[in-house]
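There are 4 protein chains.
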Amino acid sequence: MNTIRAGVYGGSGYAGLDLVEILAAHPQVDLRFATSNTYAGDTAPGTDLRYLPAAEVCPGDADVIFLALPHKASAVMAKRGIEAGVKVVDLSADLRLDTPEAYEASYHSPHPHPELLPAPYGLPEINRAQLQGVDVVATPGCYPTTTLLGLYPLLQFGALRSDAPIFVDAKSGVTGAGRKPSLTTHFAEVYSNLIPYKTGRAHRHVGELEQEARKLSDAIGPVIFCPHLLPVDRGLMSSIYVSLNDSMSSDQTQAAYLEVYGGEALVDVLPLGEQATLKQAVKTNKCVISITPVLDRYAHITSVTDNLRKGAASQAVQNMNLMFGLDETLGLL
Amino acid sequence: MNTIRAGVYGGSGYAGLDLVEILAAHPQVDLRFATSNTYAGDTAPGTDLRYLPAAEVCPGDADVIFLALPHKASAVMAKRGIEAGVKVVDLSADLRLDTPEAYEASYHSPHPHPELLPAPYGLPEINRAQLQGVDVVATPGCYPTTTLLGLYPLLQFGALRSDAPIFVDAKSGVTGAGRKPSLTTHFAEVYSNLIPYKTGRAHRHVGELEQEARKLSDAIGPVIFCPHLLPVDRGLMSSIYVSLNDSMSSDQTQAAYLEVYGGEALVDVLPLGEQATLKQAVKTNKCVISITPVLDRYAHITSVTDNLRKGAASQAVQNMNLMFGLDETLGLL
Amino acid sequence: MNTIRAGVYGGSGYAGLDLVEILAAHPQVDLRFATSNTYAGDTAPGTDLRYLPAAEVCPGDADVIFLALPHKASAVMAKRGIEAGVKVVDLSADLRLDTPEAYEASYHSPHPHPELLPAPYGLPEINRAQLQGVDVVATPGCYPTTTLLGLYPLLQFGALRSDAPIFVDAKSGVTGAGRKPSLTTHFAEVYSNLIPYKTGRAHRHVGELEQEARKLSDAIGPVIFCPHLLPVDRGLMSSIYVSLNDSMSSDQTQAAYLEVYGGEALVDVLPLGEQATLKQAVKTNKCVISITPVLDRYAHITSVTDNLRKGAASQAVQNMNLMFGLDETLGLL
Amino acid sequence: MNTIRAGVYGGSGYAGLDLVEILAAHPQVDLRFATSNTYAGDTAPGTDLRYLPAAEVCPGDADVIFLALPHKASAVMAKRGIEAGVKVVDLSADLRLDTPEAYEASYHSPHPHPELLPAPYGLPEINRAQLQGVDVVATPGCYPTTTLLGLYPLLQFGALRSDAPIFVDAKSGVTGAGRKPSLTTHFAEVYSNLIPYKTGRAHRHVGELEQEARKLSDAIGPVIFCPHLLPVDRGLMSSIYVSLNDSMSSDQTQAAYLEVYGGEALVDVLPLGEQATLKQAVKTNKCVISITPVLDRYAHITSVTDNLRKGAASQAVQNMNLMFGLDETLGLL
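Protein chains in written order, with our numbering: chain A, 327 to 659; chain B, 327 to 659; chain C, 327 to 659; chain D, 327 to 659.
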């Protein structure tokens, strides 16, 4: 197998930094460049590369480019990558929604390149077959990844009541808010605090989450989603509260998760009675899940990832592995 | 008005420390003693008192005793206080449940003094009338206080669907776990972590929470309650997800909260669109609440307290004020 | 005594917020305005005031103005306040250095109003006599306050070797870096970290520190000063390492501190063997000091303040009390 | 090269956990057992091994045993290992001091096996030649490792004044205090705090530190050492303040460090002007050092390690590599 030449756009943001770290250690990858307009000239941590301004690199110098860019900028670069004949792993939101209309509904501005939609949604544990060998993949957001993996077995078995919402109380470390300084991410504002934001259905990830959930099970209720900013740097927990229909009682849920995830290397289902904690996933490339049956027809699921790994960078590399026909977990275990 | 002589049993635990601080500054209180078996001889912080072993003080030296003791020990001391003719503010769980059977169901051991049950449940914003001038009050737990205040207007208006659960995702600072060292509270285990525990309906506060909620509105579904240990020292957030019945749409909820809490000095309802954050309540004696209407018939309520204040010590003092006919907020604003 | 009308310029920075909180609760102060260009229109926390843009208030509407402004802006407003005949408590660096030359050496730009220098240096425990009744006071920086109080008894007794440096290893919470967002104060950069900065003699507070130390004892060595950014929101610790001359052995140091600070309400000297910790000072208006004698002629002094209180806002109010002939600790205990 | 069979005694303490993690991933090691009396039966994280009680394993089942045990217990097991003919890497204090008298002076109790002293002191960057192929190594403490590496070039060049102390202000994450629960390590006591302890010359590591420093340069002053408990889980910073003699001016120090550490894979000397921060070393196996020249004859050195890695577990493995003639950094880069 030839080495894959890879380039990272947006290599100095938090997801970009993890991406650079993972790619630099990947046995089949030759990391050729990492861009950063803000830190151009500095050494990319953990490598011998110096960050270059995006304008000074050429997508065609790589076999695959990773886009850890702001939305809208990402679509523009994806387009350029496709035109240059290189594979594209997008970590932004630009390729996640299937239609320009859905994009505009969530992002309140027209899609820069509607012709790129739809793109395969890069959540391998759910969509693996659609990712093998393709040229473009949209890597999901951290909240949808963690929440969809937490719901997947119940969706696949059609076990959720159609007339009850799926309640998701989510908590994310501060790197999820990006590296650009703002009062929101100021240490003294976050420290010792816990801050709900964009509650209800206001968060931009809700559209993507419902889109993918409904592909698995059309007869589900709405997702009610409340994210919180947690005073830690990394880690994301989705606490999911579901109502089960007649097809599955709560004491059957654990078995369903074990069945669905039994062969997955990057999803750990904990034994009944144990609870998934944030630190079990932080700095790993895994999603860790625990299930608590409640009464006869309810369940509480805790799904945890590192928002910068399985929620972003390592999942992007997992997708790259599939796109190039490599072992899906290469460089990730 | 004569000065009230007060004594604190269990004055060196975290709730006891806050109680000592509040009572020492209370304009109508003369703090006569604070007990601590572990720290006997040390100065109680913020006072000139030295901690005494519990065996060396006499309840009768005070007009009111506060019991910040472990459950079971607390009931024994409550009994002694009553026999000595002093008023008793219990901060333990021993007097919160109405029957010995309910106590045994939650605490898995017989109640030491079943004749003390039921006692008035000291949540003044809900039970004010039953607390004025009485001799014994059970101060509620931190989770029930925060959750019941977050639900109270909906319960009072009978606005909840009887066939849907009330989902409560709660998060507490580490002082809620007490001062006794254990691996659970070891810095290195909690730091950078988020830990669900006693999920579903397993937490001992669920019994007390449902008991009081059902007094307000019998036709409600079960409470599904998941507490988490948050990597901060203080503060408690209950994130409550409810399904509304036909009597109230989600856009009417804010008005209901404003109506119910309009005159309350120790409950702040935030304007629509603002979110209650942990730090808004920490080191205050208040409960801070925000409401997010979701779709037509759902709502997300965030209710926040300082677990050691409105969730324990300051609420105990609020109860004392009522028991002695003082202004309810004396020493608390 | 008439009420003092006070105004705060820069009321939404971290020192300004504490200043507003303290003044709003001060029994002799009527807080008339608080300015904030960034938060104009918002309510100043803990008050009924709305922030006004600085341009919309008039210094003459107050009897005293507090300047919690960036340096250079502060001198301009100090000048205006003096011209308007109101008393000025400056919290910036603009009035701390005695000469324009010294200012320019530390701040690398000409002093905006050299005619204002020198101003009384508002460290009451050291300079009390020079602060009573005056019209303008320069409130010291957080590092100099904490360090000078930690050194004062040794300086006063002339106990330091003239041929050895004073080594100061200092640690400050992040609010010391101000509220303006930057990568330096980004949560994810500070969390779990400890960051030395401006080490050696590069920090701008060194000039002020040496100026005041030399007024007390001319025969001292240079100050070698290394500040660190600590992953907490509040609190400042100066760890001071000194070499004693023949006039005092290390076992005499504790007595010297007790003698000098015996009557001070806002300085606590801990008993020998106890160590001052950050939390002992946080959210108080005090400086807490502990001394460790080492061998015969060395001592390690730990001096702790809340950088926003005794290191800024509460010391400013202490100065105001002196300027108006009030009890120095009014509103501060 | 044959695989080395390794066993870990004390595999569930914080150093033991890192040791297990590093050994499990080491390409030449077959981890045969990890003991834990407290967690016997649980799976050792990151492995398929179950912890065994120490009494159920036999040192002779391994080629090398690592002792992450309390002092005194460790010497007993070291003795047994030696008698069983296996190599011993001790992480406790028991073999670090050269004489039983020195041990008793620091640990206030007789050495359990004085015949084991002296043992080679396992700080490879300084003592490499004495560690190759030997059977027993004492791995240094976290404070001495970090401080000695921070001082080594100056000691080697004899650049320190003999009549001035070496001041060391050290800060350690909470894992340095061990995993056994105590009030000292209770989350709520440490959080938002900074706590000096065992200041002056009281810490037990001072003896070991001076012993090794004097082997390198006899003409040095005393070490004045003040450790602090930092509110983070991992990482150790030694801030070192030195006075230089006539042989070296401060502007020559950087070159001395570069010369001494130029070939070291596990020590990074930062460029002049950059400061070593805690996070640069955490979760790495390196020591990171920065130097600030101050005036003509002083220097401030910041030396940082992960207290559980280069300060304990990874240094133990580095020693093992030398004992078995492997590449010193195998499994560590």
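It is possible that part of the hints are untrue.
No copy is singled out in the list; a pair is fine if it fits within one copy or between any two copies.
Claimed, not checked - Below, computed lysine to any residue pairings styled on SDA-like, alpha-carbon distance capped at 25 Å:
no., residue 1, residue 2
1, K524, P619
2, K524, Y365
3, K609, G657
4, K398, A431
Derived by calculation from the structure, the hints in this document are not laboratory data.
Original post:
Is it within, between, both or neither when you check K398 against A431 at 25 Å Cα-Cα?
Top reply: Only inside one copy: K398 and A431 sit 14 Å apart there, 47 Å across copies, limit 25 Å.
Subject >> Intra- versus inter-subunit Cα pairing at 25 Å for K524 with P619 >> reply: between (28 Å within a copy, 12 Å between copies)
Subject >> Intra- versus inter-subunit Cα pairing at 25 Å for K524 with Y365 >> reply: Intra 31 Å, inter 22 Å, cutoff 25 Å: inter-copy only.
Subject >> Alpha-carbon proximity between K609 and G657, which holds within one copy, between copies, both or neither at 25 Å >> reply: both (14 Å within a copy, 19 Å between copies)
Of the hints listed earlier, there is not a single one the structure fails to meet.
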